[in-house]
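S.K.: Chain Z is already provided as a structure; the job is to place chain D on it using the hints.
Next come the chains, spelled out residue by residue.
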Amino acid sequence: MRKIIAFVLLALLTQIAYSQMPDKFVKAMESKVAMLDSIQTAEGWIDMANAFERIANAEKTQWLPYYYAAFSNVMAGYMMGSGNAMGGDPEKTDPLADKAEKLLNAAEAMEKDNSEIFVVKKMIASLRMMADPMNRYMTYGPVAATALARAKALSPDNPRVYILEAQDKFYTPEQFGGSKTEAKELFLKAYKEFEIFKPASPIHPDWGRSQVNYFLTQF
Amino acid sequence: MKYSQKILIITILSAFQYLASAQTTIKGRVTDKKNGIAGVSISLKDTYDGATSDSAGHYSFTTTEKGEFVLTASAIGYKPFEQMVKLEPGTLTIDILLKEEITELTAVTVTAGTFEASDKKKVTVLGPIDIVTTASGNGDITEALKSLPGAQQIGESEGLFVRGGTAGETKIFIDGTLVNNFFYTGSPNIASRGRFSPFLFKGTVFSTGGYSALYGQALSSALILESIDLPEQSSANLGVSVIGLSGGFQQLAKNKKSSWGIDYGYTDLSLAFALIKQRQDYFKVPILHNADANFRIKTSKTGILKYYSTFGSQKLGFRTNSLDTLTYKDIFRLKNINMYHNLSWKEKIANKWRLETGVSYTNNRDQLAGGLQDADNTNTVVSGLEFKNYALDLKGHYFNAKMVVEKRFTGLSVLRFGGEYNFSDDHSMYTAYDNSRYPGLIRENLGAAFAETDIYLTNAIAAKIGGRYEHSSLFQKSNIAPRLSLAYKTGKTSQASVAYGIFYQNPERRYLPATAPLTFMKATHYIAQYQLVSKDYTLRGEIFYKRYNDLIKTASNGTAESASSNNGFGDARGFDFFWRDKKTLKNVDYWISYSYLDTKRDYLNFPYAIQPSFAAKHTASLIIKKFVSQWKTGFNAAYNFATGRPYYYIGYDGATSSYQFKDRGKTPAYQNFSFSLNYLPNLNNTNAKKFTVLVLSVSNVFGFDQTYGYQYSFDGMRKQRIVPPSKTFVFIGMFISFGVDRSDDVINMNL
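Line by line, the protein sequences give chains Z and D.
My numbering applies: residue 1 is where the first sequence begins, and numbers increase by one.
My numbering applies: residue 1001 is where the second sequence begins, and numbers increase by one.
Extracted from the complex, chain D is given alone in its bound form:
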């Protein structure tokens, strides 16, 4: 081998060696057009080589790979980036532009009129624990929602009175279908609680107006609850409190595709009522049994079938001093049996097509009785007041079905359409003092069809356009209700939206049958909203105008009032303000709500349009929560305020054969300060077998005088304040969750 040859070989070899070991440096900057993005993972696909961008978005790495490769960049919240690169020795500068992923989290959402809290949304307005830790909420869903603007502080009856509407104008839906007896049966002048635990739901949408065409039969408001999916793991739970006991079990299948569970709760207020004196004299202290059962099955990666049912019974009886005849007592007895089933199924049926469907069935029986007792608590019939002795037996069957088909288009635009069917069958039997019986039956078949589309013109402008058709077999009437809302994202965290809609509702059953043909009652909503939402705070302002038409008027047929026409009307206008801040004060979450409401209506037996007794002009709440993790304790306080509400005594004047005000007035302002503590003793105990929460809550801590209104004697000559059953109430309870994992047993068996 010649010298020159040797040189050649060495040269070629070293050239190859050089080439083979030569590195390529890839560097550049990752931006979203304006700013650098930190923490982006940049890599050469199928190699180990790559880097993470720094705080200014710069990255740089070297690779010994040769040839064509795919350079990828990925970061949470951005669309993945890919680009072919040809690697040659030297430096390759590749600047990367990442596009924000358009998700429901970042796009504009149509929010006029609604408060949404669900796991899909970045900002939870009111999650299950929020409800439980709202001091004024007493662990009750609707009580806690009263701390949001739009709802009235009504304590004498259950339900949500929204923006000048009655409680009957708010409808509650679970997994899409209507719930007919959401609350336990109420007693005169005492608000009853909801039957459903806040822990059953992962999402809450509280609409104070302008809601979607998917829902109907509610003039004012829709409360839309979405039930939880499969539990994280199998668990058992136990609860002990001053008002009762509860226990339950949830079993998650090994493959984590299905679960089932049962719970039972026993409520007995004997102890609580013995300690805290009640205004009512209970001869039958409230006792409630409540059992529920559920199963949930993942039908595929995208589908879930859920079943939930409750069985409940409730019994109580009390006396109060009668206003009608002194030294006598009014008695009230109540027996209730309720059964509720809900079966729902969600599934992706084809590419971009989804189906949501559900059925629910309720069977409810209320047996109510009233009477007079003398000073010795013996039942008596007083001449002229015979009507005070009665029994009322109400049996209801309700069946609801709903189907929504959803088609997604490019981006976030969606078309939804479907139908709903509500069947109700209300039997009543009124037994008078002389044992004469008056049966009644109201049966309704209400069918509805609806369509709605969410159109995203851009990521910043969205419109929701929908319509709903309903037909009532009871009234032999149909209606078409258009709904429209628009939202415009004015900044990264701010948006403005408007909503318009027409809403129809059947006249309330208790005023049926009517003495003349009736039609739907109607409300028209106009809402404008501005909101600023970031992860630390929410600021929301809303103005509204609501017009009521065709409200029912009633006439007396001697003892009962029944609907006589749709000649009622009314309106409501006002504004809401909401501010929630989780950041300014360390570890403190607080919110402030304020509502202004100016409303008048002429309905039922009102002589003319007046501010109804369930509407206060100014309502405000301040809710504060602080969790001290070192002490494992949450401290919660709530202050609720409302200006006085009007009250009226409306009597029938025989001379002019019309209803007239015999008396009227205004209650003093309402205020309530409540406080609660939640102590989590096992927060950091990793070896704990049980996870306990101890709860102490006190309502109306300072014992403010609270007057909800006045009740009158039959002749209107005497009146008496309607006040809460006790001035303050103290709740002490302990709730334990046991993690149950059978795999430990399995391991021990294998070892």
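Pulled out of the complex, with its shape left as it was, chain Z reads as follows:
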């Protein structure tokens, strides 16, 4: 009978131990990170943001879930605009920008000088600015530009830097400094960077491939 009890206890302990393996974190992250490039709606991004935030809050010492939660909130904000971050509704998008900023600050506290964090910083500033361009351009324009310059300086090979640059060129009419040709070049640059880009792990930032592919079909 002792054998049996020992066996049962062992089975139980294994079960418990399994649930505490860091593997759990990696697995949970992997499944979500893999979905990032396929989300199409604001609701989808909010759902994703909440999922990453749960992981962030449970782990507390991992910067990646905070980073993804911030990123997902910004994306939800972009979706609430007309989808291209041009003009929006500050009432709806400001709380998301606030939340993203808070989460990103938590990520940055653990992960200093990471290009990916500055990419999201730029996105937050742009989200704020485009919600009310007339009122916010002088404030958030420089904040966005500084963040992007920093992201580029920290990692000139980061394909996401070029996606952001390309999108800005893409959505601005030619007579106002936009350029489809330049946008295409930048998307191609991002595409090339993706070919050589290796994320530090399967759960490190690697999003943006589908965006690049989509835009490259628009020319």
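Since the hints were derived computationally from the structure, they do not count as laboratory data.
Hints may contain errors.
Quick look at which bits of chain Z chain D covers, simulated, 3 or more residues with Cβ under 8 Å [as the list claims (entries may be wrong)]:
#1 53-66
#2 91-104
#3 125-135
#4 138-150
All residues carry an ideal CB built from backbone N, CA and C; glycine is no exception.
M.R.: Chain D only, in chain Z's frame:
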């Protein structure tokens, strides 16, 4: 091992396995009593498990966790929810009721009489950029506020004339303390601009009556400005325009806890006046220097210390054809030096206790001179008109201090109390044509104590009850002024409010010293308001009645008028209407204001109660703004209208020894259409190093005839229209902000 034993082991094992891997499904609906709430994050605390509610508020998720856990739900705008749950295999249904977070955004606010625009409020009535992009505002705070109901379209002098009140009845406060020389020194019949840029302020409260007991010495209106906090990042700025140059720098510390900055502006109207002919003939074109400096320090998470100062100088001189003696010219010269300092500190001093305190100091000197010149522009003294040659040297020192202590109670109820001290010292020296000199000094120490409480009976009913005590050492008088307002939230976006208050103000200094003992002038306000406010539109209607007592009457002592009694009186009644809509027309923000005003007063030298010359019966504005983000351009237009105002020539009649109307009339209606463009060339250029705004603005585009009133010759025999210095004015400017971030250099050094 027997077969039965084996069976037992397998059974127990599989039972445990089953139990261990068995899932609990948690589902339910999140509501606010009535409706489902979408996008709520539901989670099991300290686990990865959870869900987001759908558009109807439903949620469902499974977990393999066992035992007791905390289920949390959170959503923006709602109080966080927590509940202990015991997880067992099967389905657990938990419906969640979220309570709306009672914040200043959602609760009723006492608004009768006020227009508020600040970062705390959901609905900004007029933010800094609103001011700059109001076409009729010319980038000036008070000019832009004239597009709101309650203020008159007065162009011949500066200041806000509110609901039948004079400009002197509106007081302006920065970070709590009184500002003594808010405007540049004015010239006869020309309105001067404010000294302060709209970008210095993050919040604006424009009260057209019934304002809080924290403020006093203003019979009609209080304009309460709150300065900005730390900048987002270090930046430099540069401005070039047809009227001058400006540049500045703001440095944010690395730890983002403090910042400092300096700015300098040079204004020279030579170019503008050469291109746009002025009615006045300037022998000294206005030249202004203005420098400012600031620092801001976060003293803790909740506290901030702010310092701001300006130093300005102003010089001008012009001639106009004299009405008093034909072929001669009146000349006017002005020199001004002004220095202003403001230091304020806000801090949470203990749990639920806050302190707001500030001091300000102003030193102002105006040197004014008038004279007559003949056809060859040579100074002359004409017999009988000697008084036209004079010099007036005014030196003022003003010190203001204020302290407000705030105690919060449960919910939003608040008690505030504190004191205020205003010191003023006005020296004058009048030099007559024959070099005889007449010095003057008016010194005042005004102390005030006040207390006020905001009581929230429920989230929907609030009362603001306050009182203010003042003592003037100059008049040796005290007063007690009660203030009361109530607000009731009638719906999610609508509320009704009423306000009552008594307001006292010292007689204006320019009529002092008086020939008899004086007391405070007094106004009593009664206001009722209804408003509907959502994020897309604002609808506001207000009716008011204002009673004036103890206004000063003046008597002539030969050349100047001075106060002789408090026997003046008056009243004003009317209603205001305001509609702002940001939604109906795509990307268009427009507002309409209308004010009806019926007012009469007997004050100064008026023979009896009349409609004063600064009050039009009907005033209306239409402001339209459209930003086309694809073109990176904002288009702004404004139309302002006011019915004609009365004008009078009041002369002293020796025979009856009284003042009498020698002439009177009414000006034609006033209208102005202005237009402005703002072009942001680098809006979407993420690699931009500089952020430029190009501005073009044209006032009175259609060249309407605008008559502000009439001026009379000394003997009242001749009169002349008072009109703007030029029919239209065109402003072209370029303002650049450079983001400055030293971290790039730091990275390069490390690499």
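S.K.: If a hint holds in the structure, say so; if it doesn't, say that too.
M.R.: Here is what the structure says about each hint:
1. Here the stretch 53-66 of chain Z counts 5 residues with a CB under 8 Å from a CB of chain D, which clears the bar of 3, and the coverage holds.
2. Using a Cβ-Cβ cut-off of 8 Å, 3 residues of the stretch 91-104 of chain Z lie near chain D, which meets the minimum of three, so the contact claim holds.
3. Interface restraint, the stretch 125-135 of chain Z with chain D: holds (5 residues with C-beta to C-beta distance below 8 Å; minimum three).
4. With a threshold of 8 Å between beta carbons, the proposed coverage of the stretch 138-150 of chain Z by chain D holds, since 12 of its residues qualify and at least three are required.
Consistency with the previously given hints is maintained throughout, with no hint failing.
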